[in-house]
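Asks: Next come the chains, spelled out residue by residue.
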Amino acid sequence: MTVSEDTSIRVDAGRLLEWYEEMALIRRTEKAAYDLFMSGEVKGTTHLAAGHEAVAVGASAALREDDYVFATYRGHHHAIARGATPAECLAELMSKATGLCKAKGGSMHLTKADKGMLGSYAIVGSHLPIAAGAAWSAKLRGTDQVAVAFFGDGATNIGAFHEAMNLAAVWKLPVLFVCENNLYMEYTPIASVTSVPNPAADRAAANGLPAEIIDGNDVVIVHDTVKVAVERARAGDGPTVIEALTYRQYGHSRADPAKYRPADEVERWMQRDPLRIARDRLTSLGVGEADIDAADARVAQVVDAAVQEARDAPFPDPAQALTDVWADGGAVWRN
Amino acid sequence: MTVSEDTSIRVDAGRLLEWYEEMALIRRTEKAAYDLFMSGEVKGTTHLAAGHEAVAVGASAALREDDYVFATYRGHHHAIARGATPAECLAELMSKATGLCKAKGGSMHLTKADKGMLGSYAIVGSHLPIAAGAAWSAKLRGTDQVAVAFFGDGATNIGAFHEAMNLAAVWKLPVLFVCENNLYMEYTPIASVTSVPNPAADRAAANGLPAEIIDGNDVVIVHDTVKVAVERARAGDGPTVIEALTYRQYGHSRADPAKYRPADEVERWMQRDPLRIARDRLTSLGVGEADIDAADARVAQVVDAAVQEARDAPFPDPAQALTDVWADGGAVWRN
Amino acid sequence: MAELTTYRQAVSDGIAREMRRDSSVVCLGEDIGAAEGVFKTTTGLFAEFGPERVWDTPISEQAIVGAALGAAMTGIRPVAEIMFSDFFACCYDYLANEIPKMRYMTGGQVTVPLVIRTANGGGLGFGAQHSQAVENWVFTVPGLKIAAPSTPADVVGLMASAIRSDDPVIFFEHKGLLASKGELAPPDHVVPLGEAAVVRPGDDLTIVALASTVPTALSAAEQLAGEDISVEVVDLRCLVPLDAKAVLSSVARTSRLLLVEENPYQGGWGATVASIVADEGFELLDAPIRRVAAECVPLPFADALEDVVIPTVDKVVDAVRRLATF
Amino acid sequence: MAELTTYRQAVSDGIAREMRRDSSVVCLGEDIGAAEGVFKTTTGLFAEFGPERVWDTPISEQAIVGAALGAAMTGIRPVAEIMFSDFFACCYDYLANEIPKMRYMTGGQVTVPLVIRTANGGGLGFGAQHSQAVENWVFTVPGLKIAAPSTPADVVGLMASAIRSDDPVIFFEHKGLLASKGELAPPDHVVPLGEAAVVRPGDDLTIVALASTVPTALSAAEQLAGEDISVEVVDLRCLVPLDAKAVLSSVARTSRLLLVEENPYQGGWGATVASIVADEGFELLDAPIRRVAAECVPLPFADALEDVVIPTVDKVVDAVRRLATF
Ligand SMILES: Cc1ncc(C[n+]2csc(CCOP(=O)(O)OP(=O)(O)O)c2C)c(N)n1
Ligand SMILES: Cc1ncc(C[n+]2csc(CCOP(=O)(O)OP(=O)(O)O)c2C)c(N)n1
Ligand SMILES: [Mg+2]
Ligand SMILES: [Mg+2]
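Heads up: the protein sequence lines correspond to chains E, V, R and U, in order.
The opening position of the first sequence corresponds to residue 1 in our numbering, with each subsequent residue numbered one higher.
The opening position of the second sequence corresponds to residue 1 in our numbering, with each subsequent residue numbered one higher.
The opening position of the third sequence corresponds to residue 1 in our numbering, with each subsequent residue numbered one higher.
The opening position of the fourth sequence corresponds to residue 1 in our numbering, with each subsequent residue numbered one higher.
Please keep in mind that the hints were generated in silico from the structure rather than gathered at the bench.
Do not take every clue at face value.
[As the list claims (entries may be wrong)] Using 20 Å as the maximum straight-line C-alpha spacing, the simulated SDA-like pairs for lysine to any residue come out as follows:
hint	chain 1	residue 1	chain 2	residue 2
1	V	Lys43	V	Pro257
2	E	Lys172	V	Pro197
3	U	Lys40	E	Glu186
4	V	Lys139	U	Arg53
5	V	Lys43	R	Gly123
6	V	Lys139	U	Gly50
7	U	Lys181	U	Ser165
8	V	Lys172	V	Gly142
9	E	Lys139	R	Pro51
10	R	Lys245	E	Gly330
11	R	Lys40	V	Pro189
12	E	Lys43	U	Asp303
13	V	Lys115	U	Gly75
Whole structure, please, built from the sequences with the hints as guidance.
Replies: Below you can see the structure in the form of structure tokens.
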């Protein structure tokens, strides 16, 4: 790993504690999602982002309320970081009417439009041009909003990534391309199918874009890097590619035990758990263990209540299946 | 233009005269195609490669008979350089039964499979992965054949280019990506929609590939550059990206007068006509004007005869419309 | 008589009218700006609205349509051009998986008011990869509205509806009709999406046609009138919403149905219309439902071959004759 | 009784049998090697044939299918996997414009012996972008053969034909059937492309089904037998070549036709079959042709919603009852 830990970073302890709590909230929600999947209460599939929390929370903290975020099927952390509640996320996963998308989307499609979380996309790379389009829209409307697209290392080998970067560069769009490089596609190591060592960052120059490779498990580093890139974007200086190195703590999806990963690699990365890194930073900033534990306790309460709330929620009315296709709310395609 | 003319290049005069004649043959065929289009004998559209001859002839001279070539809708020069006769090319353009593709393909789809000219592709960029596949096949079969894909500057912004380069690099495929950078897409300057100055070459490093930017109007330079890249490929050292700077002498297609190009730019490039450059080289190698003129005269005769032959050929039997879909020769999709 | 204009000019006019009405309408596509489009269907737009409203793009169909989607989600009404409809295949993920599903998958959170315009169909001798009529490609995907006008006035009227629509609309401009002429649309002309037009009334048989096959059907009908066969021609104008009622009520009177489609028979749009009539109109029918569609082969280049493949007036006349005497 | 195996296992077996027969058969796709495929449909291949015959690819659907095409043109018989059939949209240019047109456009110079396999259809709760049944997408394009087996034995038999075919074949493996069991295919089992199977004989009504809708139709038929309605179930097995004769000859006996399709009604494959019967079988029919297809909406995530959208045994039973008494 080429990440050098920057110990000169300064951060306000109070703010960092908030970030810690937010990361803990995501972690606990993912754990709940896992348990619910294993118990059969979540059907289909689910791609957990445990381990990736620092990317979502650090980036989100550097954004404005009216900025746009685009995520992948592994997107629970981004939904929560943008303000979706664990209850509405879990309800979506559990096929409940109170889900974020009324149980029409599912785990892979969490969307919270009124918080600028413009969707989780399940076709790898598809959202990169869409994010560029949202940034183009901001430019056209003369707002100084920024769009951020989060994507996996695997997405860097698909054509849409290249097209999106080029268009965004030519049009100088206020968009950030943030890669969550967790070393794997589904089960295949990204290095075995990629022509360059840094799948996202090494492609930036091909479109005249600046790139940063950072420790994606350190929320402070993520925040600070994204902040600079956001400022560039708002100033009209165009897109930035950020490659955040991170690791997933569960398998790729469903019950994948991720046996294809060497034990020592897993061990090494577990040592670099984003929650642990944040906790260490907090302690070194003088925050007491009790305060941190209190955050954990609050989170546990919220998520436990969320599970209950989602469990208690009703399944959707079957009639809902035939709504929401058109802007008039209906689904009529013929007379 | 960043091309530095390398005067140290050595080439056999006899060989160069052959190349000159081949280029002249292409030029004259393109002129015939233009005239036939203007007179209504060629319908639809046609994209002439006059001005690009050095790329086709130089590259082809560096290839073996059993190597593979993939071209675009602007591909007459590659078909001829690989051994298609002007008569069969023009017959195809003129919708005649004797056309290369039995008048099923047309100007944009010249193919001469038995000479390894595996097609002209009219969807920008589509052939780049296909060429990679032919190279993969050579590798699988343990031959040391090489595949060469020729494409325009405009094709460098489409996703398939990126996907093809990455796959070819990861699998170390014996494929060359040769860009004919003629500064324009259809009517739009490539620089206005591309994020880097050298649309092909500047993308190579993003896939760990070496790149060369060369004078695409000098057949000797093209030959020598391609030769080195082919040797690399045959040796198992993988793909090379070559960006050959060139210019089209007609408009984009059909009767396009190309008014969008500044007069001085056109003038500058006409000065750098590949035939003129080759002629100058020949003269400086001591070949007499008479010998060169004799080549021109031979070419004129061949092409004039080809026009006549194509004119005299019959239109296809309408029944041919319902053949050649399946390998059994037929087109039956139901019983 | 009203002033005449070309179908080609109607495209530019239709877009310009909406761009004047609504500053959130923005165009993007390859060579659409100063070059005014390779089919000259964006003539005058760059001059009138400038580079802030008319954007030239790289050859990046995914980026074009993807960016249009992102913009549509966030307050813009993009009108994206895909130069030839065959290139829908290069951005089909957006057409099939993203745009039509966005609103539904988000439980109605996001609305997608965009138009994707494209030059569709054959007849200009562009060969297998530049001549396809692909309305049926997008017809396989619920969530897209689909317009395919056959006259200049309908181009303007449907363009108005398409651009004003809060739903995504795929707008097919037929290459073979670009040079054709028809009445100029009056000011504020709006044709609602999903209303077929009876473009020629008749009693003996109903032809349902779309875009290029409308003039083909009309020519056939004219010829058949001389043989005392009275053909009603219904121009569907849209595939979604589909005006099935118009078809069924015409068949209720004529008892005979012929569909004329430019797309290949297999998987063609006419099959769906036929299946609706074979179900809901079964008792109305006095004869088989027939379809004159393209042969199931790629489009050949030579005219002599193309005529064998695509629907022609002769084929339609022949089919009607046989059906009328069934 | 013959040994049982799963549909999932039959996929690997079918491929392995051909790889043993012919060393020019080579597989490529995402996670198909050591990982043995995300659906475990390439189990054992990497172990048996090694990295020279089983290639892991990047997430580059265009490169996968494009490379398969280039290899097929030059002496290899590639078997490419597209993980979910929804991702056909990401490489649709190859499926629609390149592969099916190659032979024709070159006047027969080039042959394209390739197979593209994919996990198709719903029933596993994967939501709108991972659950579509998209046989109808490729059915719009002449030049592709299309197989969609419903039993393990057919998987093996059709896989043999597909891989041996000198034409491009799109091979749909249904996700909802992967865990289902059926008879093991005997050695050298080959099912020709384009032959439908009457999987349950009956007299009162014909159901034409494909892949997942075959078991649905069979369950419905079983239930209806208790009501003295005798249903014949025809498993099409392929869409191209289409065994229209099998459908027509069944309808010739039953006089009633119901099509059961997983794809949406608009643009569904059943519409084409319906239109053939409404034309060539018109005089055979005693009742309307009906189609039980998916509703024209994206596929919702929740089971409670999905059941409203997709064909179910109840819907089929209900449709048959109404048709039988028409
Ligand atoms: C176009 C496309 N191809 C394949 C897939 C199947 N798929 C889903 S996730 C995945 C791996 C993606 O890896 P990466 O981008 O690194 O993201 P991660 O899952 O590691 O977060 C694949 C191949 C898909 N969803 N879309
Ligand atoms: C995917 C796709 N998009 C658009 C087009 C339309 N088109 C044909 S040629 C062309 C310009 C291509 O420019 P370039 O690649 O530089 O090649 P050149 O014509 O200059 O040789 C365009 C946009 C196409 N054929 N395919
Ligand atoms: Mg990853
Ligand atoms: Mg060019």
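Asks: List, from low to high, the hint numbers that the structure doesn't satisfy.
Replies: 7
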